[in-house]
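Chains as they are written, first to last, in the working numbering: chain A, 2 to 263; chain B, 5 to 400.
Rather than coming from a laboratory, the hints here were simulated on the basis of the structure. By construction, the Cβ of each residue, glycine as well, lies at the ideal position given by its N, Cα and C atoms. The reader is advised that the hints may include incorrect statements.
Covered stretches of chain B, as calculated for chain A (at least 3 residues, CB under 8 Å) [stated by the list, open to error]:
| # | stretch |
| --- | --- |
| 1 | 21-27 |
| 2 | 133-141 |
| 3 | 169-177 |
| 4 | 187-198 |
| 5 | 361-374 |
Pulled a few chain A residues facing chain B out of the computed Cβ check, cut under 8 Å [claimed, not checked]:
| # | residue |
| --- | --- |
| 6 | 52 |
| 7 | 77 |
| 8 | 127 |
| 9 | 132 |
| 10 | 134 |
| 11 | 143 |
| 12 | 155 |
| 13 | 156 |
| 14 | 175 |
| 15 | 178 |
| 16 | 183 |
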Amino acid sequence: MNRIDHLFKNKPHRVLSVYFTAGYPHLTDTVPVIKTLSDQGADMIEIGVPFSDPVADGPVIQHSDTVALKNGMTLKKLIGQLKGIRQTTGVPLLLMSYLNPVLRYGMEAFCRDIATQEIDGVIIPDLPPEEYIKEYKMLFTTHNLKNIFLVTPQTPGERIHFLDREGEGFLYVVSSRSTTGMKNAFSKEQTSYFRHLREMNLTNKLLAGFGISNRKTFDQACRYLNGAIVGSAYIKALEQEDDPVRGTRKFIHSIEGKNISG
Amino acid sequence: MNTTSLKVPQEGYYGEFGGAYIPEMLYPNTRELQERYLTILESAGFRKELSSLLKDYAGRPTPLYHAARLSEYYHTNIYLKREDLTHTGAHKINNALGQILLARKLGKKRIIAETGAGQHGVATATVCARMGMQCTVYMGALDVVRQHPNVERMKLLGAEVVPVEQGNRTLKDAVNEALRDWISHPGETYYLIGSVVGPHPYPDLVARLQSVISEELMWQMKEKTGHAEPDTIIACVGGGSNAAGIFYHYLDKPAVRLIAVEAGGKGVDTGETAATIALGLTGILHGSKTYVIQDEDGQITEPYSVSAGLDYPGIGPLLSHLFREKRVEFYTANDEEALRAARFLARHEGIIPALESAHALALLDKMTFPPDRHIVINLSGRGDKDLETILNRDEK
């Protein structure tokens with residue numbers, strides 16, 4: 002069984018997935034950050050591949066991408082760093098990348114090489130589901146990789162059902178009309194959108210992303226959905242601490258609101 | 005060569021190029037456009053209103069001018085399609101007028117746009133003022149400096165100009181920010197894109213709206229020369245909207261030679277260039293699959309050109325297809341060649357061209373044409389905005 006399915010089977014509530022940009026703040030931080038996140042209780046980890054033109058991302062992730070690229074991070078280097086990562090962590094790992102770096106690497110080689118390192122899935126925000134199904138789904142299935150689809154507050158009902166039917170792993174619930182970034186609290190409109198999704202009785206598990214930044218927003222999302230994804234807020238936290246281990250520990254504590262040892 | 009496959013996309017694709025590679029957040033917006041643009045464009049009411057605005061407001065048809073001294077110098081017959089004489093000074097107004105009518109039909113209240121040289125920004129600010137719609141224009145911070153007169157024009161027209169500080173602070177970065185704005189304001193906002201780029205249906209939409217250039221050229225050619233067709237048409241290419249417009253009705257006439265000139269910047273091999281076809285590889289940029297200047301890791305390379313309107317690392321998918329099908333020939337002109345061509349036209353014909361259009365003119369120095377040929381060059385814009393750049397270069 003894919004680790005993502007396994008995770009949701011054992012922990013259907015309050016799943017915390019954390020995003021970070023590979024190569025940020027330093028080129029060699031990838032493995033230490035994954036290890037620390039995993040040790041400190043992150044349930045799933047999304048490894049961002051930096052891109053020169055991240056149109057779906059807000060200022061914090063844009064900045065981390067710029068720094069990571071200056072540090073020399075590439076998809077090739079990242080896959081090299083992930084060699085042997087399964088000796089470090091057992092949590093589900095996802096790669097998040099825009100389509101162009103993946104196409105340059107070659108979709109077949111990409112799937113083969115990340116599957117070899119036991120990566121569990123990918124998120125490619127600018128690869129439309131229709132295109133994925135037509136061109137790449139077979140390839141992903143062969144390599145036991147999940148491709149995660151997004152739903153947004155603007156997604157029409159019948160399309161949500163389509164995405165749920167074709168979706169794998171979980172559905173990434175974009176919380177608001179915005180690029181990635183932090184919010185202090187969700188509005189009534191947003192929580193009723195979460196509730197509406199819950200009441201649709203979808204097959205896939207639902208994780209909220211975009212705007213989850215603290216205990217309050219995490220709790221709000223978890224009241225209706227299976228968990229949430231934190232990105233910009235974690236990158237901000239890494240920026241503010243010299244020691245990534247301490248920064249990560251403090252951060253996870255602040256989201257989950259419980260004492261974590263170590 | 006199948007003519008319909010040349011200019012009409014099939015399910016959003018010109019051969020292998022095009023598509024709509026957009027994040028899910030933009031799905032409803034682009035879907036709405038895909039489903040409705042052709043019906044609206046082809047409706048009698050839309051056509052009537054657009055053609056009246058093009059005539060009385062934009063000043064169309066633009067003249068086809070026989071450049072006698074240029075012809076004498078180059079020993080051939082050179083005609084200039086005078087898009088520089090339109091209201092706001094470039095072909096961009098053709099597209100802006102069409103899209104603003106479309107936006108109104110779709111019930112949108114707020115318009116956003118990107119701009120490089122500022123010509124599309126000015127055109128958009130103009131049509132927004134004309135229609136009483138709110139307008140925000142994203143412009144790279146470097147372009148805000150080098151095309152300053154156009155920034156002032158946009159502000160005078162009531163538009164908000166947002167300088168973009170990301171990346172190289174030029175056109176590509178302005179498109180990124182406009183897309184981010186669209187993601188954040190999906191319902192009420194219309195993205196009035198300025199070139200034949202972006203997700204389907206924009207490349208087709210903009211090409212159709214710019215095709216008025218070649219539509220006029222067809223009867224003007226006959227009227228002026230007695231010849232049914234020109235022998236050669238030359239246009240500059242950044243994203244490719246003026247080229248798409250002047251090539252459009254000739255794509256299925258193989259006897260007409262079509263030439264596109266890209267911005268070589270400091271030289272195609274210097275790394276400081278915007279010559280996408282010369283250097284690009286197939287990739288995804290701003291929602292479509294097309295030639296893109298990128299490195300081996302799939303990162304988009306920051307382009308460079310003295311001309312802000314051509315300073316873009318991609319090209320419209322239609323033009324990628326026309327290159328692949330060998331229907332359009334591609335050449336490059338460097339900064340210096342374009343600047344020289346601009347000064348030459350000013351001195352010999354009394355016309356100061358935009359630095360973008362000067363790249364098309366620069367080809368005359370690189371290629372000879374027999375004396376009996378009829379060459380049409382798309383003079384896509386006027387050079388008022390470039391005075392500072394040209395004068396600064398003079399001093400060096």
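Hint by hint, here is what the structure shows:
no.	hint	verdict
1	21-27	holds (count 5)
2	133-141	violated (count 0)
3	169-177	holds (count 3)
4	187-198	holds (count 5)
5	361-374	violated (count 0)
6	52	holds (7 Å)
7	77	holds (7 Å)
8	127	holds (5 Å)
9	132	holds (7 Å)
10	134	violated (14 Å)
11	143	violated (23 Å)
12	155	holds (5 Å)
13	156	holds (7 Å)
14	175	holds (6 Å)
15	178	holds (5 Å)
16	183	violated (14 Å)
Of the numbered hints stated above, those contradicted by the structure are hints 2, 5, 10, 11 and 16, listed in ascending order.
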